[in-house]
Amino acid sequence: MEILKTFALGGIHPKENKLSANVPIEVLPIPKQVIVPLGQNLGAPSQPVIKRGDKLKVGQLIGKGMSFISADLHSPVSGTVLKIDNLLDSSGFHRPAIVINVEGDEWAESIDRTDNLTTKIELSPQEIIEKVKKAGLVGMGGATFPTHVKLMVPSGKTVEYLIINGVECEPYLTADHRLMLEKGSEILIGTKILMKALKVNKAVIGIENNKPDAINHLSQLAKKHEGINVRALQIKYPQGGEKQLIKAITNREVPSAKLPIEVGCVVQNVGTALAVYEAVQKNKPLIERIVTVTGKAVKKPSNFKVRIGTPIKQLIEAAEGLPENTGKIIGGGPMMGKTLQSPEVPIVKGSSGILLMKKEESYRQIESPCIRCSKCIYVCPMGLEPFFLSRLSKLAKFDMAEKEIIMDCIECGSCQYTCPAYIPLLDYLRLGKAKVATAIRTRNIT
Amino acid sequence: MNMLTVSASPHIHGDYLTKKLMYGVVYSLVPAMLVSLYFFGFNALRVLLLSVFFSLLFEWLIQKYLIKGPISITDGSAIVTGILLAFNVPSNLPASMIIVGALVAIGIAKMSFGGLGKNIFNPALVARVFLLISFPVEMTSWPKPLGFTKNLSDVITGPTPLGFVKDGISSGRNISELAAHMPSYIQDLLGQTGGSLGEVSAITLIIGGIYLIWKKIISWEIPISILLTVVVFSGILWIIDPQQYADPVFQLLTGGLMLGAIFMATDMVTSPMTKGGQLVFGFGVGLLTILIRVWGAYPEGVSFAILLMNAVVPLINRGFKPKRFGTKPCLITLT
Amino acid sequence: MDNIIIISTITLSSLGIVSAVILYFIANKFKVYEDPKIDEVEELLPLANCGGCGFPGCRAFAEVTVKQAKDQQNLEELFCPVGGNETLQNIGNILGLEIEAKDPMIAVIRCNGSTANSPSKVKYEGVNSCAFAHALYSGEGGCRYGCLRLADCVDACEFDAIHMNPETDLPVVNNKCTACGACVIACPRNIIELRKKGPKKRRVFISCVNSEKGGHAKKNCAVACIGCGKCAKVCKFNAITINSFLAYINFDRCTLCRKCVEVCPTTAIWEVNFKPRKPKLENITIATEKPKEVVDKHSIACEKTSILHSQANIEYH
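Protein chains in written order, with numbering that gives the first Met the number 0: chain A, 0 to 445; chain B, 0 to 334; chain C, 0 to 316.
For the record, the hints were derived by calculation from the structure and aren't laboratory data.
Every value quoted in this text rests on a predicted model; they were computed, and no experiment measured them.
It is possible that part of the hints are untrue.
As the list claims (entries may be wrong) - Partial chain B-side listing against chain A, Cβ under 8 Å, derived:
1. His10
2. Lys117
3. Pro321
Stated by the list, open to error - Reference excerpt, derived from the structure (chain B facing chain A, CB under 8 Å, subset only):
4. Leu3
5. Ser6
6. Leu115
7. Gly116
8. Pro247
Claimed, not checked - Result set (EDC-like, lysine to aspartate or glutamate): computed pairs, CA atoms no more than 20 Å apart in a straight line:
9. Lys117/B x Glu366/A
10. Lys117/B x Glu384/A
11. Lys19/B x Asp53/A
12. Lys434/A x Asp154/C
For glycine and all other residues, C-beta sits at the position ideal for the given N, C-alpha and C.
Using the sequences and the hints given, assemble the complete structure.
As structure tokens, then:
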């Protein structure tokens, strides 16, 4: 038997709980009202280009990304702009958002809504990047980094590998899994387009071995496409992290505080590959995404295709209601997802799943003293010392934490998952990271 | 509607627990406990029960009346300390001394530093050394392992194999003369030799150690590096002069080496945190053990070796950092 | 036997003498001259090493003080908030300088988002740190400007001057406050401000820092400043400014007339340590359309003052 590859340092294997893996993607009806937050991407929020009372069509530009790391925003529905107001979104804060009242479903003329597979790639790399930018694409894995920025290779650097991330190492989530099964051909053409834009001839699709059907399916399809390889990977969290995935596939390590381009790699999510296909071949901006609604108490764990801006309440109802005794609504997976404060929060470009947890499941145990078992060190995929860094952060010794390179932490949560004393290691690490980042910023300004 | 909870990720937790780790150690000690009961009879049971009971009692008293903090005697750490303390003393030790030992272990070595996780030295070992220095006679009269057949009152005592060799060599005899009077290696392995409760049977301790490594409660680095250092170092001495120095197998199987290497040195709180540090720690323990055994005043040196190395653990932790991600140089093949 | 005693005595004493001689020369060689005044000044300081003066510890402050007095013949911009004017006067006496008295200050918590006024909508679980919760979400009550109720300021206080009130879940400053400013730095939401203590410790301030639009602010908290501007209009001394839906009282201009307190529709303006006022006669006798509301507002104001009184005097353990 072939030994499957994985990354070397640390890692954990939480219970997978992929409850919705065999549920096909279901298209959710368009809601009556959508809330489209303006800051849906990493970096600067978009600036609204419409005003109250404007009539919108599906796919019409409503927000413009003004700075370098910023993305455009399009109307996910047709209807009237009700207001632009500060509303609660998945970040946990009230932030500016556009509220649109839905009227019918009228699409912009330029969008090709047929299901025909357009295989021929006619555009030049420059045109592809321009089109990706115009479609407002961001990383669909959750980090929401604007895609066009990732495609612009800095001068002096060469890309050798395009890595398509189909790992989905988070427990519970199955959105990418279903996508690979149902939209395999589109993903492969999207990969081809990305390869052209980056001028590379090697692409690897990395999939964890707990999705053998997706591996088989994509391997079959990939035979038709030259240069695309499907690679099965060992099951280990956090393999979906950029740095870990690059290590697993190419055995290269991205140096501290550097981007993957440093080792000649660009990583894109499978969802992004599909969005690229739709944007380039079908002129369709990013207005929809696949969201998993799951949880042990959910009656009907499902995968939905929804418009951006749909309140998650609607998704929960489609999965047959909010279970009794729900303690947490999590946007994303259980390891890295953010808790949402209310079911009114809308779906954004980066929402990969809604996880409902029971009170008993979500309850944090009482912290006991550290027994220096060093399990956190063994599982840290970045080779940090979480117990030490968290203590530094607790004692407010942020300058020392900076010297210990606290900024390398990818916030995967492996340390806190493993800690036998239930110490909230990652909470302290996050606090330390925030403080150190501020200190670095102020130092750079002065 | 019930109130939602807001917290930072991760929202799930693995099933490691301090309690589980501690009780795992207790389970791994069961085979050795049974063997000691078989060889030393009711006396062994008496020592074990007294030691565990008073360890728990002192922890409870201190937490309740001195620290006035939360009571955490159920986390298993005091039980482990109690069992290990019992394993480190001869089976005919008077009850009063066991109680003093438990008080030193829990009160001085553990709670005075702030309780679980904050002690520098292994509590059971501190107590053992305290007893050894305070009551040298009682602590070095080792009953012969005769099992339940003998009456409690007429226990025959004799030296441990290590003590026998030490005395023999210092009185001018050589190893081959002594060998005839010593137990065979098989007896050492099974436990038919004199010694403290837990050190007599190497095989049960190894079984316990394998269980601990399998359950990922301890890592293999510390025991293996200790045993390897002992074998290599004593092997060199043995090759130099087989008449003056005992052979490596004898060094491995006798005394508290197995107990120390597998259960005492691997105590999480008092051992280094990184793999590299653990190897250095193990090397230090092994080296010191042989140095004390061969040239020191005591026939047995494991407990002193571990305590000495415990003291340098903070230094080792400082010097040995885990391998960082991204420090490996990468070669980009330009196409 | 005697020999041994004699020899060892002689050896030890000669060893001692030799070491003493060496030490003497080394001490002379490495002697650093220090102004004796620094020691004198340091003795006058509270020695709390709180850092409230902006220097790392009392010794550093003493050194800077003596140096500045020597170079510039003044002590401008040097102040020990803990020792206050008295200490500075004493220092001035030693250094032979005239010192101008400064107004005593106190830390003021400008949020009244208690569990009653701003009911919890979600439950927080995690480390007890405002700094962390601040980055995570807007707060249990939903106000992104308000107090997170996790007591970073209490931890920062070296003088036992801030405690959490278990009823309101908000921090309360007591009379031990020295205005060192540690809590101001500790608060991630800039709620705490150093304000003038005021005559007879009386002061008026806006107990809110929410700069959202009125409607949003009010949605999360019953006593939020909604930026209506009534207080600014009624103030005759130009002490109140309104910036992005938030009023602010400049304590240098405020004359403590308390007109603003009366007009505030959300009771966001607090008056502290005043005598409970009697309901004005004309308000009741003239009794226009809404006499009840006027009385209500007064009673609320009085009640609040009395609560404040009790808060200031209670110490929570």
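Taking each numbered hint in turn, which are not upheld by the structure, reported in ascending numerical order? 8, 11
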